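Trainee: Chain residues, written in single-letter form:
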Amino acid sequence: MTNSIGEISECDYLFVIGSNTTETHPIISLQMRKAVSRGAKLVVVDPRKTEIAELADVHVPLRPGANIPLLNTMCNVIIAEGLYDKEFVANRTEGFEELKLAVENFTPENYTGIIGVPAETIREIARGYAKAGSAAIFYTMGITQHTSGTNNVLAVANLAMLTGQIGKPSSGVNPLRGQNNVQGACDMGALPNVFPGYQGVAVPENVEKFTKAWGVPQSAKAGLTVGEMMDAAHHGDMKAMYILGENPMLSDPDITHVQQALENLEFLVVQDIFLTETAMLADVVLPGASFAEKDGTFSNTERRVQRVRKAIEPLAGKADWEVISEVLTALGYPHEYGSASEIFDEAARVTPQYAGISYARLEEKGLQWPCPNTEHPGTIYLHDGKFSRGLGKFTGVDFEPPAELPDEEYPFVLNTGRRLYHYHTGTMTRRTKGLNTIYSEESIEINPADACKLGISDGELVKVSSRRGSISVKAQVTDMIQQGMVFTSFHFAEAPVNFLTNSARDSICKIPELKVAAVKVEKVS
Amino acid sequence: MADNVTLTINGRKVTVQAGITVLEAAQQNGIDIPTFCHDPELSKPGACRICVVEIKGWRNLPPSCVTAVTEGMEVETESEAVVEARRTILDLLLANHPQDCMTCQKFGDCRLADYAYRYGLRKTTFIGEQTNVPVDESSAVITRDVNKCILCGKCVRVCAEIVGRNVVDFVSRGFTTIVSPALEMGLGEKEAGCVNCGSCVAVCPVGALTEKNMQGIARPWEVEKVKTTCPYCGCGCNFDLNVKDGKVVGVTSNPTSAVNGRHLCVKGRFGYDFIHSSDRLTLPLIKKGGKDGDFVEVSWDEAIRYVASRLKEIKEENGSEAMGILSSARCTNEENYLMNKLARVALGTNNIDHCARL
Amino acid sequence: MANVTLTINGQKVTVPSGIMVLEAAEMCGYSVPTFCHEKDLTAPGACRICVVEIKGWRNLPPSCVTAVAKGMEVETESPKVIEARKTILELMVANHPLDCMTCEKSGSCKLQDYAYRYQVTSPTPYEGEKKQFAVDDSNPYIYRDPNKCILCGKCVAICKAVADRNVIDYAFRGFNTKIATFMDTELKDSACVYCNRCVSICPVGALSDRNMMGKGRTWDFTREEVTCTFCDSGCKFDVNYKNGKVVGVTAKNPSAGRPLCLKGRLGTEFMKNADRTDLPLINKDGEFVEVSWEEALGIAPIVEKINALKK
Ligand code: SF4
Ligand code: SF4
Ligand code: SF4
Ligand code: SF4
Ligand code: SF4
Ligand code: SF4
Ligand code: FES
Ligand code: FES
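Residue numbers (numbering that gives the first Met the number 0), protein chains in the order written: chain A, 0 to 524; chain B, 0 to 357; chain C, 0 to 310.
Treat the hints loosely; a few may be bogus.
Unchecked claim - With a Cα cut of at most 25 Å, we get these calculated DSS-like pairs of lysine-lysine:
{"hint": "1", "chain 1": "C", "residue 1": "K38", "chain 2": "C", "residue 2": "K159"}
{"hint": "2", "chain 1": "B", "residue 1": "K224", "chain 2": "A", "residue 2": "K432"}
{"hint": "3", "chain 1": "C", "residue 1": "K241", "chain 2": "B", "residue 2": "K243"}
{"hint": "4", "chain 1": "B", "residue 1": "K243", "chain 2": "C", "residue 2": "K187"}
{"hint": "5", "chain 1": "B", "residue 1": "K189", "chain 2": "A", "residue 2": "K473"}
{"hint": "6", "chain 1": "A", "residue 1": "K48", "chain 2": "A", "residue 2": "K85"}
{"hint": "7", "chain 1": "C", "residue 1": "K85", "chain 2": "C", "residue 2": "K187"}
Said to hold, decoys possible - Residues from chain C that keep clear of chain B, each with C-beta distances beyond 10 Å, as calculated:
{"hint": "8", "residue": "E76"}
{"hint": "9", "residue": "M100"}
{"hint": "10", "residue": "G285"}
If you're looking for bench data, these hints aren't it; they were derived computationally from the structure.
None of the values given here were measured: they were computed from a predicted structure.
Even for Gly, the Cβ is constructed at its ideal location relative to N, Cα and C.
Bound conformation, chain A alone (with noise of 0.2 Å):
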């Protein structure tokens, strides 16, 4: 986020983009309604009528993929009436005139079809968030996992840009980040194309820095991503892989491709604090330790560096910090840790935002990166006065569909997603009484017209198929989904959805088109 999560009730103008921030991020969502009865105005931008879309002033029900159209016809409305921001268009941008060619033909009426809501509805959004004194736009997977993932970025990137509402109090492009620790994951390095702190490993003198804290010579290659080496595996140019606390047979796309390249490993190490159906495949599981077990520090969306304390020993009588500085031990190259606090005093050390951050620091609240010195009190908001490549670069995007469209075969759209009660794959809540109390059976959300079509009613069992498999799931029939489309989480092992969903990836990022599947649904007789 290049906001804090406390500066979102102070917005005046919440856009909110393929986000169900109520049930994903509910604490999140707990500002945004304070916003909102502060008089703010609250647009949410989703195909389904989630909870927080019935709280907006505005809901744009678009077509699952059709996140570019939206975004490029705002900025379209936005350049013809010359409501952008001149001043910060001139001193902190470059490329307008890309921008202005790439948007030019997205006129709203061009598209009101697949956004969902007439041209001028579009068009008082466009105008609304240009105006407003503070905006603030607000994303998740909705975006990022489409083959256009990337562009969708770069085009939420554009409107903020060209509208100034980006390094501004209560104003920026905030994706809201999934798990606990993603963050902090992507800031420590585990990225295949930098080192730790976003040090492009491309660039000779990161790979001659790190070559020099860490005494072992480091390549300038970029690494493969998960998709890949799943690929790589497939091929069997993988051969040895060491997983710590995923489940990539629940979570990933195209679960049977997954499964073959998991088995085609010469050797699989999963660490994990359950026998998760990843494990199952290894050849060595390690007892991992909950969160309660161990000293460390997570970074949640706002980049606030946290601690986690020990609260119990561990169960296995190992934290994981414990473990893999033996197994690097063990390897031959000594890394022996009296605390986890050691540990990250070396991270911090090599990763320039971490600079100036200790445990001492964090007791009480916490720190937020960028933190280079130990004075320096923390990054409230990102970007003031300045990007951190300097001027900020508007990149024309354009409009491309979704991998794999619904035809007549798969009539359906399938979107994937969470749920209140649970996470990721379930390996926690599954195992905790009274949220799987509340919510113990998953189900495949359908439209009442589509159901009535297919002579389904509500709590019969579905048949849902895709090119790739088929799972059978209870059918829930509301009007939340509009008719074409059907959805579902991935939080069950009993329906596991990723066996129907695309693979296909982002050329850029590599992020799966998990929200996008051509699905057929058939009544089990």
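For this one, chain A is given, so just place chains B and C with the ligands on it according to the hints.
Mentor: Structure of chains B and C with the ligands alone, referenced to chain A:
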């Protein structure tokens, strides 16, 4: 300074910011005034009157939570008249309160019990009709015992003003009033619209709303509280893990939390059972007898030695590019940093990723 | 000593022979409730809250008086055991003032703990007449509320354990049974020396330290153990702190040994509790009167010395 006023509390001169309440002025100066219905985050009804104080020259005893400080005010927070008034209020509350402290989940952290003890109110002097409504166990996570409710209204306000749900409200029932979901539905009934966030539990001053999973497991004075960060979504809420005898027995709000204050969602507040699930792995497993073989429990030493030797072998044979690491968005920064070193230092590859994209 | 091997809750354990099942269970980390049992002091097997299930036995024996035997298979929390404990507790609760809200013992009361543990709440299936004894507030050191007494007998045993203190015993019968002084007088008119041994051992709120009443809840206190230096018996007291301040000194359970005495407690109080302003009270001819610390402790010269030392 024009922005400050000086007043006297219990004979002590104090200077505070103008515009604040007498209650806040007292709290800032380490003087504890009892409150039931007041909450700094919520609107102020000034309804319960347990916070009354005596102010020189005033005819009545005003509730300190809604009375602004003024220059030269002379306040007494524990005068005879004040104590008398508080005792009467408590007496009336006790008259319609079940004698359940023996097993009540809130006991030890209950304002009614604390104030009754503080003001030496051993028994009520009133005999009256007692509310007698069956305990609402319909929610999977919250136990709601209306009979213990003192009608402070904090749950109503937190649910409406913060959570935005309006699940519970005052409902008139002939002679009495109770706080309840619409149509006296159970909290757990779907139509009640409760999202089980437990914010109402966090603000309830008595045992009317309590965490179901802690019932019979641990009393407030037996637990050690460890502040930590939630393992679920990216909001980064903080809370206190409640630990008894080396086990996590509950989660309670920690008001000093930067992001969320006392508020949590159902996962953060009630999603901790998995920690002690019987499915937890406690020993390393090695699959013996090939891919279709069975897992055998081994010691940590053996497992780590085996992992290291196999990784080394495969790397030597096939080169670093044949090695891959999936780190975790669920593990700590420290662990991710080490996984990054495992890939880049020990295995010599940039093939490291995690599920940020999922 | 020889060892025996038995099974407790499915776990095989080897313990010294001759010990009781209760001790064996505790050694393995199982907590078995007890009311009347006190190691080295009593073993009456009277309250039965400590019952366990032993395979092949027809009844549920009290574990505090049942010796371990080879091959025994013990269950300490089986459904039958829980059922029995619940019934015992229900009977107690039915005849108990529900005073926990303000009771001084709250937080360290066994009846309360076990009622919570087994979720026994009022009303029980056994509601009936409740005891209506007068409370004894006749003296400045011990507050007796016989209505809260569960008749475990530990106070009687511990009082007797010191020669020539034999102040209290069981009196009356049936529903009216209570622990009483000779002739059921108030404590003030008895031979009681206010050593508070009985207070220190009472599992419930029937006996309270008068001096601590209203000063805080058990969970508000932190305790520091001190050894009395007034004679060479080496009795132990607890100095109770609340928010970092001394609130009062209380007797620590001495079991059979260590006599404890009022003088020692007051002396410790005098040394540790700088804030104490009220003077000690001593029973003179049947009435409690305030006396100077020197007189109470009978040690004017020593007090002078202490005062000198403190400076
Ligand atoms: S749990 Fe949350 S939603 Fe439910 S009644 Fe309480 S505050 Fe309202
Ligand atoms: S349930 Fe609790 S918070 Fe709600 S009105 Fe009653 S006492 Fe107050
Ligand atoms: S709510 Fe408070 S006063 Fe009421 S029974 Fe429970 S602990 Fe006692
Ligand atoms: S205070 Fe001492 S002498 Fe008095 S009854 Fe108790 S144990 Fe006996
Ligand atoms: S007064 Fe206390 S120690 Fe004595 S018999 Fe009663 S409960 Fe037991
Ligand atoms: S003796 Fe125990 S159970 Fe009885 S009122 Fe006191 S604390 Fe409660
Ligand atoms: S706390 Fe002030 S009136 Fe209730
Ligand atoms: S404790 Fe064993 S019978 Fe009382």
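Trainee: Against which earlier hints does the structure fall short, listed by number upward?
Mentor: Failing hints, ascending: 4, 6, 7 and 9.
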